[in-house]
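J.: Protein chains in written order, with the numbering used here: chain A, 1 to 59; chain B, 60 to 793.
Quick caveat, the hints were computed from the structure, so don't treat them as lab data.
Glycine included, C-beta positions come from ideal geometry on N, C-alpha and C.
Among the hints, erroneous ones may be present.
[What the hints assert, rightly or not] Only part of the chain B face toward chain A is listed, based on derived beta-carbon distances under 8 Å:
hint: 1; residue: Phe152
hint: 2; residue: His153
hint: 3; residue: Val159
hint: 4; residue: Leu246
hint: 5; residue: Asn260
hint: 6; residue: Pro287
hint: 7; residue: Gly288
hint: 8; residue: Ala289
hint: 9; residue: Ser294
hint: 10; residue: Val343
hint: 11; residue: Ile416
hint: 12; residue: Thr709
[Stated by the list, open to error] Footprint (simulated), chain A over chain B, 3 or more residues, beta carbon under 8 Å:
hint: 13; stretch: 141-150
hint: 14; stretch: 165-175
hint: 15; stretch: 556-566
[Stated by the list, open to error] Far from chain A, some chain B residues (derived; all Cβ distances over 12 Å):
hint: 16; residue: Asp101
hint: 17; residue: Ala405
hint: 18; residue: Asp553
hint: 19; residue: Asp670
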Amino acid sequence: MRPLRAVLWYLRELTDESAYERYVEHVRTHHPDRPVPSRREFERQRMAAKDTNPGVRCC
Amino acid sequence: MTTERTTPSPAGTGRRGPSTLIWIAVSVFAAVCWGVVALIRDEEINAIWLLGAAIGSYAIAYRFYSRFIARRVLEVDDTRATPAERLNNAVDFHPTDRRVLFGHHFAAIAGAGPLVGPVLAAQMGYLPGTIWIIVGVIFAGAVQDMVILFFSMRRNGKSLGQMVRDEVGLVGGIAALVAVFTIMIILLAVLALVVVNALANSPWGTFSLALTIPIALFMGFYMRVLRPGAVVETSLIGVALLLLAIVAGGWVQESSWADAFTLSPTTLVWCLVIYGFLASVLPVWMLLAPRDYLSTFMKIGTIVLLAVGVLVAAPKLKIPATTQFTDGTGPVFSGALFPFVFITIACGALSGFHSLIASGTTPKMIEKESQVRMIGYGAMLMESFVAVMAMIAACVLDPGLYFAMNSPAGFLGDSLQSASEAVAGLGFAITPDQLQAAAAEVEEQTLVARTGGAPTLAVGMSQIFSSAFGDGLTAFFYHFAIMFEALFILTTVDAGTRVGRFMLQDTLGNVWKPIGRVSWAPGVWLTSALVVGGWGYFLYTGVTNPLGGINQLFPLFGIANQLLAAVALSLATTLLIKHGKIRWVWVTAVPLAWDAVVTLTAAYQKVFSSDPRIGFFSQRDRFQEALDQGEVIAPAKNLGDMEQVVTNSTIDGLLAALYAVLIIIVIASSAVVWLRAIRAGGALPTTEIPYRRSRIVAPAGLWATAEEKRQLAAVGGHDGYGELPPDDEGTAPR
């Protein structure tokens, strides 16, 4: 099971699927006064940010 | 100024004996492999030797040279907080596990480039290209990536263009901006040309690739509405659908739908242009983001598969070590070994484009300064390894088939017979029946003049996979390989068009405000149309050029990419001098000098050579003179073709001249700063962010050393990450 878990962890990190949990934890520890967005809301904001900053891919 | 707080790592102390023995063994291994690769002639060698030479050299370079650069030249300092730590907002700045960031960075730098260049360079044999890929990456490409990553990290992840403006000056900055924009246009045109040449008259490939659009739309909808953020699950569904799409392509090819998906090159150009425009205007969640995930999975999966395939199949290289075309008379691209091999193979050896990524998101996510070595240098070694595998895949082809696939259509004529004769004229043999059989094996109508590298790579890969994993699936493997390349080329086209659009909006916004607004639809449409029109124009001329598009455009792409490398290496050199490290300046100055010599020689020949096959303007003159007499020169078929060659050659020649001028401007304006710094006593202030102590504890390399494990345990860290308690002073210098 351990290697499988490691692979899943890696994929979740690589694809940034874990971005929401990371963000929620960050807000809770560093800015407890701020509201925590819902997952849906957070993913929309993330995509909106990518809209204006898509990032280059190489050739 | 750089601090004196260097951190000697525990590696290398203590057990010197066994480690020295291991490295002697690695060196002997690499030397033996190189000996076989370089010295054996008149006999087919096994591809394993190439892999051995590459991996042995990478290991030595990584262990010794990259460590030297990290410690002595850059003086990476693990007591210093990185931007990810200082500015952590859990969104774009956040400390990211080194192994994850390595994957991220690698997925962003590796694309179709390292797969295409080596295939074209194989016309001179495997040796020149392989030497350049391995030596080039060790001393130039990986150094550039690592150094730029480091300097950007020390400046909160500033972009290359911004760093050039801040550290070199306005003139250099503008030249860099123009360079980046024009490169983008040529890059997109050449990559799109590769796709067009791979899909033309191939209903299987066209149908499979067309299906990626609904698949991406479905994935986008799924992640947006049904399961927000479920990326891994969605990607797995996407990959499964993709494999199904490849299989379905085979059914479509056999069905009555085949005609509808048999598209001519010009039709495909229009499809790509319209697709590029829409993809750039639509929100990223619909197309770009899902495509990105698909490409990442396919990229990593296929590369691993190819490595395993080569190891299992251990194919022999049928193309000789060197061919007679090192003199510059080859049909795939014109020009002699020097400088054109070094232009044709950019990605994989030295790719200027990487400096945009090394100064993009990666520097904002590094946990520890010492990790620039693994991520910057290491990921580039990995890309170089991909390029070596592409070289192997091309060289397992029979040389006759290789030249029948990669020579321009105008040279090969309209029939299998004429192609066979043309190849015989080059000194290689392939019969019309063999050409027919090769095409039938991968279920394509023809393989003649399928230029651009992708089909050649796909045939090579399908041969390797078939011999490694079993016969009977050759056609599937071929189309799998085509899909894999086309998929991430389209992702690059999506993202590149969008990035180009933002650059244009940003620049035009200085002149007329509204156009700079990213939410103003007419501005978005206009600038998107301009960018698409730019690469679409070159794509169209490439597809219709009687002289062959890849033959004409690929050198321009190479020159452009190496121009960007010159920008990056000039910046790196400038910063080393400004930081008072002139004694180490050769680390970037030597690759810069080499790159400048190669690129300027190539640009000079492209502009001034009196050989019409090389010089754009002598080509133009030759066709113009004939046109004035009302004559038609082959491979042009009529006066319209003749006029087209004249126009294309003029524009391509002007572009080559522009690139040369830009390189000279960037290097000259950097040299002014170098002189100023030397006069000022060997250093100048830079925009480096001041030192702040780091609290993060994390290993530098892929595997944590015993000492690193001890440090992690001391702070109660796990999974390769720990933080010092708040009352601690910060990481103590070891």
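J.: Does each hint fit the structure? Answer for all of them.
T.: Evaluation of the provided hints:
Interface hint at phenylalanine 152/B: violated, since its Cβ lies 11 Å from the closest Cβ of chain A, which is beyond the 8 Å cut-off. Hint status for histidine 153/B: holds, given a least beta-carbon distance of 7 Å to chain A, under 8 Å. Taken as an interface hint, valine 159/B checks out: its beta carbon lies about 4 Å from the nearest beta carbon of chain A, inside 8 Å. Nearest Cβ of chain A to the Cβ of leucine 246/B: about 5 Å, under the 8 Å cut. The hint holds.
Look at asparagine 260/B: its Cβ only gets to about 25 Å from chain A, farther than 8 Å, so that hint breaks. The restraint placing proline 287/B at the interface with chain A holds, with a minimum CB-CB distance near 4 Å, inside the 8 Å limit. Taken as an interface hint, glycine 288/B checks out: its beta carbon lies about 5 Å from the nearest beta carbon of chain A, inside 8 Å. Taken as an interface hint, alanine 289/B checks out: its beta carbon lies about 7 Å from the nearest beta carbon of chain A, inside 8 Å.
Annotation: interface hint on serine 294/B holds; nearest CB of chain A at approximately 7 Å, less than 8 Å. Here the hint on valine 343/B is kept, as its CB sits about 5 Å from the closest CB of chain A, short of 8 Å. With a cut of 8 Å, the hint placing isoleucine 416/B at the interface with chain A holds, because the nearest CB-to-CB distance is about 6 Å. Taking 8 Å as the C-beta cut-off, the interface hint given for threonine 709/B is violated, the closest approach to chain A being about 26 Å.
Under the rule that three or more residues need a Cβ within less than 8 Å of chain A, the assignment of the stretch 141-150 of chain B holds, with 4 such residues. Coverage of the stretch 165-175 of chain B by chain A holds. Counting CB-CB distances below 8 Å, 7 residues qualify, and the rule asks for three or more. Given a C-beta distance limit of less than 8 Å, the hint that chain A covers the stretch 556-566 of chain B holds, as 3 residues qualify and 3 suffice. Taking the minimum C-beta to C-beta distance to chain A, about 36 Å, the non-interface status of aspartate 101/B holds against the 12 Å cut.
In this structure alanine 405/B is not separated from chain A by more than 12 Å, as the shortest Cβ-Cβ distance comes to only about 8 Å. Aspartate 553/B, annotated as away from the interface, has a beta carbon of chain A within 12 Å; the closest lies near 8 Å. For aspartate 670/B, the condition that its CB be more than 12 Å from all CB atoms of chain A holds, with the nearest at approximately 28 Å.
Consistency note: the structure conflicts with the earlier hints numbered 1, 5, 12, 17 and 18.
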